[in-house]
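Undergrad: Please model the entire structure based on the sequences and the hints provided.
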Amino acid sequence: MVATSSNRPSIEVRSLNKTYGDKVAVANLTLTVEQGEVFGFLGPNGAGKTTAVKMLLGLIKPTAGDGTVLSAPLRDCHTRTRIGFLPEHFRFHEWLTAEEFLTLHAELYRMPRLTRQKRVPELLELVGLADHTSKKLKQFSKGMLQRIGLAQALLNEPDLVILDEPTSGLDPVGRRLVRDIIRNLRSQGTTVFLNSHLLSEVEITCDRVAFIKRGEVLRISPLNELMEGEISVSIHGQGFSPALAAGLTHWSKNIRIDDDLLTLNVVSRSVLPEINRFLVEQGVDVFAIRPEQISLEDLFIEIVGTDGGL
Amino acid sequence: MSALIIARLTFREAARRWILWVALILGIVFLVIYALGFYEIQKDMQSSSSSTIVYSEIYNFIFMAGLYAINFMTIMMAVLTSVDTLSGEIASGTIHTIVSKPLARWEIVIGKWLGFAGMLLLYMLLMSGGVILIVYGISGYTAPNILPGLALVGLNALLLLSVSLLGGASLSTLANGVLVFGLYGIAFIGGWIEQFGSFLNNQAAINIGIISSLIMPSEALWRRAAFDMQSPLVSAMGFSPFSSNSVPSPYMIVYAILFIGGVILLAIWQFNRRDL
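Note that the protein sequences, when read in sequence, are chains D and L. Just so we're aligned, residue -14 is where the first sequence starts under the working numbering, counting upward by one. Just so we're aligned, residue 145 is where the second sequence starts under the working numbering, counting upward by one.
Treat each hint with caution, since some may be false.
[Stated by the list, open to error] Short derived list, chain L residues pointing at chain D, Cβ under 7 Å:
#1 G237
#2 T238
#3 K245
#4 D419
Rather than coming from a laboratory, the hints here were simulated on the basis of the structure. Only a predicted model underlies this, so the values are computations on that prediction, with no experimental measurement involved. A virtual CB, placed ideally from N, CA and C, is assigned to each residue, including glycine.
TA: Structure below.
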């Protein structure tokens, strides 16, 4: 990876838009991804994540808007020597052996022969496929294909790596491997742009996340800011009523009552005593109040809603 | 250059497809049958006494028949191997990790074209070389103007290849196949209509034929090749399935070359603007 002199953002898009006839795939996408950060793109199926990523890579032409990737226009050919990409539904020429496959992609990256000869075995080693160097891709399992797909993205020591669902086909060992690779990339200053459904992975690896639904970005925020200040509270008690829920909207938007369990999200622990007093005044018998750090999954559903998926 | 990397990949991939090997085996079987048949005919001819002029007419006829088969087989190969090269890779998504590399879309199209062109020309040379050697070996006869004739057969294959790439850049594999074979059919029927028209002196029929060769020059290329290689007496005698009565002008060759160029440019343009 080449150290860049300026600290220009790796990705910068303004009002990026893609419509197919009536259908809006991506609407007014504006975001900036700084050099060296791990940026997560979260959203339900059909939200426009893959379309957005393909616009960054010049696979799809935007209907409107523009942007830069590594300080060059979106469709710039030469910049792609410094970008690594693993698509979600990756397919490769399966009649090639692992080594031939990586060599082909190294040639396409315009890497000189000596560099290719060095990097190909290095990457096979990195993704744990060194023992399968001469095996045809046809004989690879999905997990192995995903790993070699990741390898081809990293061949030329890219400044920006774009991964569309990189862990979807992997077992926990494979996922740990990908996580470690992303962490290493980050420590080398490589920018990583990640589309993922696996919120647990995003929680561990990303610096900032964007939530996208039906082509629109709902929220962009550093992960730690997002997670702090959202607490899920379960209250065990008796005498809950729907009217009670109405009264609680003052402190929370997400209120659920199941018999003797009341769950709601609050911004901070400091409101818990107030809630407790309110419940008691309403005649509720409170047995337990249990606050929990909200998970990204709950946050996701809260922000994106449950109706957005396809 | 990246186009050459793609060309090499395409060549290697085409070389391992079963269609190629079937075509090769069928080609060899054809050559064997052709040789045996010709040998028997030759034996028969030796026993009866005829003038050498009649002999060379017959040899030419048999040679042209063989070459017509080669023309057909090469065209089939051109289409069947290349019909899914773009459309299939787009449909499966294999194209995504290629197009996202630092190479231009035109390099992918040209690379594929070069890879297939190399394979097709090799196949054609092998097969036609076989026919030429068999005819020469058994009878000592060689047709006139073999090199220009072969060049036109080769051009024909490249024409079908180019149309197949254009179709593949724009359509699904199935639609592409239908398009290419459809165009070939139009040219084929049109060619025959033109032949009949010229034999019966019917200008309307001749015009239909000309229009169809403008839409798809494949028959016209073969007719020109056949004209170049047929013996002088054949044209006087009328026509046979393998030679020409109504001869395409040399301008047709220029047109075909420009046509191929135009089709390739169109394929590049289509692939360039396509969302993948």
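Undergrad: Each hint: holds or not?
TA: How the hints compare with the structure:
no., hint, result
1, G237, "holds, 5 Å"
2, T238, "holds, 4 Å"
3, K245, "holds, 4 Å"
4, D419, "holds, 4 Å"
Hint violations for this structure: none, all hints satisfied.
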